[in-house]
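Protein chains in written order, with my numbering: chain F, 328 to 579; chain Y, 652 to 1084; chain D, 341 to 834.
Please note that a few of the clues may not be correct.
No farther apart than 30 Å at their CA atoms in a straight line, the calculated lysine-lysine pairs in the DSSO-like style are these [claimed, not checked]:
id	chain 1	residue 1	chain 2	residue 2
1	D	K751	Y	K1017
2	Y	K1017	D	K494
3	D	K425	Y	K1017
4	Y	K1017	D	K823
5	D	K425	D	K494
Covered stretches of chain D (in silico footprint by chain F; criterion: 3 or more residues with CB under 8 Å from a CB of chain F, positions within the stretch not fixed) [to be verified]:
id	stretch
6	721–729
7	732–742
DEER-style ranges, computed between Cβ atoms [as the list claims (entries may be wrong)]:
id	chain 1	residue 1	chain 2	residue 2	range
8	D	P556	F	Y428	54 to 62 Å
9	D	S524	Y	Q667	53 to 61 Å
10	Y	P981	F	V543	38 to 46 Å
Simulated from the structure, these hints should not be mistaken for lab results. Note that the structure is predicted; figures quoted are calculated from it, not measured. No residue lacks a Cβ here, since even glycine has one placed at the ideal position from N, Cα and C.
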Amino acid sequence: MSKLLEIRGLRARIANGREVLKGIDLDVAAGEVHAIMGPNGAGKSTLSSVLAGKPGYEVTGGTVRYLGQDLLAMPADERAREGVFLAFQYPVEIPGVNNMYFLRAALNAGRRQRGQAELDAQQFLKAVRERLKLLDIGDDLLRRAVNVGFSGGEKKRNEIFQMAMLEPNLAILDETDSGLDIDALRAVSDGVNRLRDPARAIVMITHYQRLLDYIVPDRVHVLADGRIVASGDKTFAAELERTGYAYLGDAA
Amino acid sequence: MLMTDDSAPFRDAFDQVLATVAEPAWLTTRRRAEMDRFALLGFPTRRQEAWRFTDLEPLIAAPPLPAPPLPAAGGGDGPAPASLAPWLLPAPTHRLVLVDGRFAPALSAGGALPTGVWLAPVAETLRRRPDMLEGAFGDGEEAFAALNAALFTDGVVLALEPGVVLETPVEIIHHTMSAAHARLHIALGAGAQATVVETAMGTGGGWGNTVGVISLGAGAVLTHLHIQAEDPAACHTAAVRAALADQARYEACALITGGRLSRRDMAVTLAGDGAQFRLHGAYLLDGEQEATLSVRADHLGLGCRTEEVVKGVLAGASHGVFLGTVAVAPGADGTDARQLNRNLLLSPQARVDTKPELEILADDVKCSHGATVGSLDEASLFYLQARGIDPETARRMLVEAFAVDAIDAAGLPDALAALARRHLRRWLDGGAS
Amino acid sequence: MSDSATANRPASNAPSAGLLEGIVQAEGYKYGFITDVETEDAPPGLNEDTVRFISAKKGEPAWLLEWRLKAFRRWQTMAPPDWAKLDIAPIDYQAASYYSAPKAASGPKSLDEVDPELLKTYEKLGIPLGERAALAGVAVDAVFDSVSVATTFKDKLADLGIIFCSFGEAVREHPELVRRYLGSVVPQGDNFFAALNSAVFSDGSFVYVPAGVRCPMELSTYFRINAAKTGQFERTLLVADRGAYVSYLEGCTAPQRDENQLHAAVVELVALEDAEIKYATVQNWYPGDENGKGGIYNFVTKRGACRGARSKISWAQVETGSAITWKYPSCLLEGEGSTGAFYSVAITNNRQQADTGTKMIHIGRDTSSTVISKGISAGRGQNTYRGQVKVLSNADGARNYTQCDSLLIGKRCGAHTVPYIDVRHPGAKVEHEATTSKISEDQMFYCQQRGLTAEDALSLIVNGFCKEVLNELPMEFAVEAQKLLAVSLEGSVG
């Protein structure tokens, strides 16, 4: 399997603040699902923000190659159009902007970049209906403004729905399980599982083991104090469940 | 130079002040300059934007003049001590009573002051420590402030050295029967804390024209309750200027019920980073009363916060005016300012003007304002009546609930909150129609 | 920092400072061309003879000349208003020409007689005056500098008894209507600019919709200032008789010129019992260049009177152009149960200044009004909402809801909110809310993470911010307005 994402010695800090990532090494191949776990403050969300190009972070060392390109050299919107998708921990509300309109603008921006024809309204609607069915989402969400007035669960489902529409090569799910009750978690997980694809890599960032019961990863990594301190296959997660993160203090 | 003749009625009083006070030469020079300035400015007119809703006619027609000093302390025609009782904080307080703008020692009561605290009448301060007040009398462009600086006879100075916390509240009673041009100077050093209650009252339709100058050092905290309760024939004009350094906090609460005509102008400059200004207040008016509460908050520092909640209750043929300006200077990023003015009109003749303004010149800000005008909620009234409460009581309950919020939300120390609530109930018993 | 270290570049990732501060001057004002037509101009200057000249040129009856002269004499005693938050260089009212007309004798009788250069101009502006307009279902009156050059669909409208013509024609053909309503909503001496307009107005549009008639198509006027050193002073009068309905659109452009040009229009609306008028404006006068050179001074008085019971007047405006905008479309809510509305989007970029808002005067019982204002400041723009809600002592049951939101883009602009609320009746309910905020970095990043460029993201967020107002515009105008918003903000992100 080819390497989709290669992270080497990545160091980053919050702009003018402390260093949060202290040398991350990570390889993710197409078709793989990786879980990155770790205690609060370990740098999990910083990693996803830096990969997506969120303002307010400064990369102080290391490289990130994505499909052979220098990911860090690209502006955030270009990364997105090149197929990097971030499912936000806190999806942002954009009042007055219709969800469908937003999604079509995003989808067509990506298609333009790839030299594909833009979808017209009919084609777009057709694609939307297919994904809705796939993810078992009601279409009422689509008529509303982006994330405005959505419940926590609806917001997370909307993120996965966008992922289904935008068909990224690399999807980073930032604490997608947080704040979900068990039914919502199951629904979101089912959606993600349906989107597993030999051409697509998924990086899940989570604090909790329980997500991994629903989305079974190929690799599990433990992030502590800005470094990946332990990695293993899916059985490793179960081991972590028993022992907790406590021993990591020594490992790190 | 074009002079108005608005200063003419005050010339004699001015000469009398100059003749009776013994004070540094610089102050006399200052007084003359301020008198000239008042002559130049004249009383504000409704053509001036800031005064377009305020009808000064009751004052300008026959401005009360300062009475000559009382013959002896505590004697003469001063108020009987018992008459003040309902307005006072329970002990312990440092109480200073000003009768017609002059310190009345017999009515006042203080305790020992901690070290690092200066609390004294202005006249005394000018005698003993004139340096403390040098430069404190240039009062900007306002006509009333100019007149005050020209004519003032006394007032109160409270100064705290850095780090000093004055636990006992300072209580200032302005008892006005003729005309009082009093001053209030408060300067808190870095980290100092104080609580001040100012109550304006009086009899016989006088005019209190006060100027307050407040300066709060870094991290200083001033809690300032103002109760304005003159008789319904009185006039009241007050200007308060406050300057806040880094992390300083000015917690103000204003309760306005008195006077035929009253106007309170507050200008708060949040100069330091992280300074905070909170104002909670209410004007409750009846009869022919007109009151204006004008508040300008200038945000200059980074990350300053302002919260203003002002309630109005207008009965009879009264007229309430709220003028609020929140200004954010270029570069004052992180400003978070909220301003709310809510009004209840209780009678067909009552009127309210509200003008909550925003002037924003920085982009990283969160500013909002809201204003509402309405009457008592019919559904609530009916609900209370359906539970057996008579309409009058129901009405009173709802008005009280509406207004008391301004006191509760101010977060005053218990004794002050109790005093303010007592005053509110007194108004409801006597005033609400 | 090692060689391989890459900061998350401000240019791409930081909407706060770098993204919003960097200036890329893009396409700019696309209506800035000049049409080469022969015109007949009044000599510069303004005195009673100028007023007589204009009136004579238009062959007006004596009463109208007298009306103009009365206004002129009134104007001479007045001073320009100074209360708005606007920095206006002194205007030399004697330097401008007060009349400029394309030379075509007494005005075209049909489209065939219209100068082809003018038709081309309107084509370029996207305002087809010919048959293609039929497809759009919009009847158009085009005002070029001072005079109306073409009105389409007159015959079809006439079948329904609807009068839609140039103001000049209305004076000739329907003097009784003009006389009854002219100045009845905006009196001659209402304000400095209204008085000036009353003295020297040259043309404009007139609409009368008879009782019970629902106007079947959008009526539209397109204003264009072309000549140099001219002011434009058009006058619009729109009367909806009992139970009538009309929706009216107004668009404005001007060529790019270095000197400031004055536009002082007056619009009067009258709605009788159960009538409804919707009036929409997309104002895109030349705003001046990025240094504030040139641009239109847009000093406009617009007012509607809801005379009859249950009548409705709604103003919707998208103000993206002009160097200076001074404009307060207002409603006099006289009729019992009448309704007023004001929906506004105002953008100031570069050195533009806008002081705009509304007055809702509640006079009758059970009147209600809604005010939604969205102000967007970018560059060094200064944007002020100024609005008055007044409830008079007989307006039992009056209701007002006002919401003004301001959005700041960049560090050098200003957003100001100046509401005046004056209530003299306890049965009234007035609510006012205002917020000021900047473009949210989180929103920008969210959009960019989904692949939108910074400019597209900004445009999307701003359009969302304005949604409640854009919803009030007729469909074809709303699309145009969205594009204009995007164009107006060009250069505010880089």
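How the hints compare with the structure:
The hinted pair formed by K751 of chain D and K1017 of chain Y meets the criterion: a straight-line CA distance of about 14 Å does not exceed 30 Å. For the given pair, K1017 of chain Y sits about 51 Å from K494 of chain D by alpha-carbon distance, which is inconsistent with the 30 Å threshold. Of the pairs offered as hints, the one joining K425 of chain D and K1017 of chain Y holds, with about 22 Å between alpha carbons and a cut-off of 30 Å not exceeded. Simply put, K1017 of chain Y and K823 of chain D have alpha-carbon atoms about 28 Å apart, close enough for the 30 Å limit, and the pair holds.
Note on K425 of chain D and K494 of chain D: the hinted pairing is violated, with a Cα-Cα distance of about 42 Å set against a maximum of 30 Å. By the rule of at least three residues with a Cβ nearer than 8 Å to a Cβ of chain F, the coverage given for the stretch 721–729 of chain D is violated, with 0 such residues. Counting residues of the stretch 732–742 of chain D whose CB lies closer than 8 Å to any CB of chain F gives 0, which falls below the minimum of 3, so the coverage claim is violated. Look at P556 of chain D against Y428 of chain F: about 30 Å separates their beta carbons, and that is not inside 54 to 62 Å.
Against the hinted window of 53 to 61 Å, the Cβ-Cβ separation of S524 of chain D and Q667 of chain Y comes to about 59 Å, which satisfies the hint. A beta carbon spacing of about 55 Å between P981 of chain Y and V543 of chain F contradicts the range 38 to 46 Å that was offered as a hint.
Consistency note: the structure conflicts with the earlier hints numbered 2, 5, 6, 7, 8 and 10.
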